[in-house]
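**Q** Here are the chains, one letter per residue:
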Amino acid sequence: MLDFHLLKALHTAAGPRTLDVRLTLAPGELLAISGPSGAGKTTLLRLLAGLDRPDGGFLTADGQPWYRQQPRHWLPPQQRPLGFVFQDYALFPNMTVRENLAFATAGRADDKILIDKLLEELELTELAQRRPAVLSGGQQQRVALARALAARPRLLLLDEPLAALDLPTRLRLQQVLAEVHKQFSLTTILISHDPAEIARLADRVLELDLGQVRRLGPPVAPAAPATVPGRVLAVLAAGRLRVQLPGGAEVEVPAPPGRECAVGQKLALTVGVGPG
Amino acid sequence: MPPDYWQTLRLTLALAACTTVLLLLLGLPLAYALARSRSRLRPLAEAVVSLPLVLPPTVIGFYLLLAFSDSTALGRFLINQLGLSLNFTFPGILVGSLVYSLPFMVQPLQAGFRQLPRSLSEAAYTLGKSRGTTLWRVLLPNMKPALLNGVVLTFAHTLGEFGVVLMIGGSLPGRTRVASIAIYDEVQSLHYDQANAYAITLLVVAFVILVGLYWFTKKDAARLS
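Residue numbers (the working numbering), protein chains in the order written: chain L, 283 to 558; chain Y, 6 to 230.
It is possible that part of the hints are untrue.
[To be verified] Computed footprint of chain Y on chain L; a stretch qualifies when at least three of its residues, placed anywhere within it, have a C-beta under 8 Å from a C-beta of chain Y: (1) 349-360; (2) 384-390.
[As the list claims (entries may be wrong)] If you want the ones that stay clear, here's a sample from chain Y, every Cβ over 10 Å from chain L, calculated: (3) P7; (4) A40; (5) S42; (6) I84; (7) R142.
If you're looking for bench data, these hints aren't it; they were derived computationally from the structure. On a predicted model such as this, the values are computed, not experimentally measured, just so you know. By construction, the Cβ of each residue, glycine as well, lies at the ideal position given by its N, Cα and C atoms.
If we strip away everything but chain Y, and leave its shape as in the complex, we get (with noise of 0.2 Å):
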């Protein structure tokens, strides 16, 4: 068992689980705009939401680590008068990951509201629900799948994350210093053992919450057929 072994475990989990209730939070109010948008802008806004699929990591981590440094103009606001110093700190790779991991809540969610026929909240508004009230108790209901999904995915890729938050956070342990990213560190010092400590939790993690992810659609699926 590595040293940090716990210490590193601890500073993942805290960081998928975080990014995957704050992108919650945010990604609800995003896909379900998209999803109704008819907007001739909707094109962009979805393209810039995919972006991070496409993009290597080291890019996204390369300009938010400009983003945040002092040489430029949002930098210097973010640290003068914020107070916000986000470069090599925990809520910088924080602000990393939900860059980088939000298409994987987002698309999920954006599908879920489409396969939902428009007539469901219609017939809501007719009854005399408002739109929140129609949201909480019909529409996120009826799309439980979509909303494991996008969790579960979240989780899962930020669990994985690498790129970005080395380009943002080092590798500071216990502050920085994630679990992909102690491997990367145990095999350059050929520690191979302490490099498979953490290389088989997070193999076992991730095998574990998909094969979740796929019994509870599986069973949601036959639950309301």
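So here's chain L without its partners, still in its complex pose (with noise of 0.2 Å):
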């Protein structure tokens, strides 16, 4: 579905460096990039939406030039079909959730449909006539994913989407991501910096340093969960512990299943975060 190589002048901490990505995507592909910061992942995104022009390569989509060097063609963003969903989510602050929808849509006989169907998948219909401001930050993002939507993009690149929000609205969200993706048959790419979330979600991830493709393959999955030794202090009611961890901290916990605790026991705590 996209086929480029583009090139871009970063001004990184460690001095100016170059972004050089060369990379093509199947129809239907969900791509995470990861990489530590200023390594240009926002930068290949803004590149790929026309928001950012490149100094050197060429961006087909679709059999579509979007960019080309030579001879000089460059496709401006308002003419690329794709949703952009911004890390601060970017919502119109004077529309309401289902103005900021229907600001997106073409001006299509069935748009209504689509905003109807899009406030029901992503659980906003109640809140269709409030304005940005008084939603929460997930709120928020699912108003930005379905505003991507509404547009009726083949492509959808988002910048961090999830990085800002509490772990329960992220692994809620990434299944709404995981769901929208397959249901609109989109080629997506996605910004994210949580191992989890992308072997939960990619099928290959793109890590970035400083401008360079340090790897591009499968998503690893996440290193199992560490533990760290705890002392158990009191035995609650309910299965619950009271556990003295090693820096002195005491934490509750439930006791684990099917053994008996007794208070001094030794116990290796699991940490990780999120279920699972």
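Bring the two chains, given one by one in their own frames, into a single complex with the hints.
**A** As structure tokens, this is what we get:
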């Protein structure tokens, strides 16, 4: 669906570098981009969207040239059928949720059906008449996603869409993203720092550092959760334990199933993010 | 009540209204360009726009008077080629007001454009919207306080204009004599009551306009948060 080789000067903390990425994406593929800050992740996304101009290379989508160095050709963002979800969501504060979506549509007869469908699938129907300022982060994120989809894109670009959200919301939205990606048969590129998120969603991952591709391939499963030793201080009601950690801090955890625990017993505690 | 009271007031309001409307039309593209420009010449353009803030109005008036007169090439061009004789006319003091009040329109609008996140217009572009649609539907509605600030300050500032109008327009009743000049004339002739009629009117109008501005700004901030 997407075939590109893009070059762009980067100003990194380590001095001037060149973003240099050559890649082909199959239709329906979900690619994650990860890497330290200053690696050029957002720059790459902006070049694909047409928000910044490359210094060289080419970009073809579905056989149509979006950018070419020689002879010079550059398609403005308005003419690229893509959806972009910004890190700060960039919702229009003067419009309600429904108006934000309606603004994105191109004035087709069945726009209203699409908007209703998107509102329902992203659980925004109740919030349709609210303005963005009164919504929570997760809700704003869903509106941003719904708005990008209302423009009927073929390519969806997401700039760290879930980074600012708390864990339950993030897990819920990862599911939404996976569903949306499949249902609308989109080609999706997603910037993410979370290995678990990448493993859950992406077909391939592109690791960037200082503008260069460090690795391109299937996502690596995240490392097994680490454990820390703890000592049981007290056995509480409802199968819970009070446990002291190496630093001296105390936490309350559910007792491991099928095991009797006594005060003073040593215990290995799993530290992980989130359920599972 | 002074004999020319209503005539003078009508002229004053007409000058302020025409100046505000024209400056809004001129100031929007200028402020947009200044807010988005990354040119090295931008400080120069900003300095030119802000110059009327620091210059004595008589300096602006003096150079415009020269520019409009047949002693300069520009003046001769205006008079002979375009048939525009601007000195001591309403269009002349209107041009003077446009120059004099320019920063009062451009600076709030420029600040308004700057405080909008860039991603707002970029989001509109990725949704296929043109620059014009983006400006009209996304940017302007989200900078209403800045728009109102520019309009109100320009209007109020033009109401109080004295030096520029006096230099270019003189004090021709019904043509170029605005309220602030009428006050000066009445005081010169020791007609303190008549000067007071104009002065109190300007004072009340200015106060009401500012109260309206601050009241609306507060309400709009509450609405969007």
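**Q** Run every hint past the structure and note whether it holds.
**A** Structure-based check of each hint:
1. 349-360: Three-residue rule met by the region 349-360 of chain L, so holds; n is 3.
2. 384-390: holds (count 3)
3. P7: holds, 46 Å
4. A40: holds, 17 Å
5. S42: holds, 17 Å
6. I84: Non-interface label on Y:I84 holds, nearest chain L Cβ at 46 Å vs cutoff 10 Å.
7. R142: It is violated; Y:R142 is separated from chain L by about 7 Å at its closest Cβ, not greater than 10 Å.
Violated hints amount to a single one, hint 7; each of the other numbered hints is respected by the structure.
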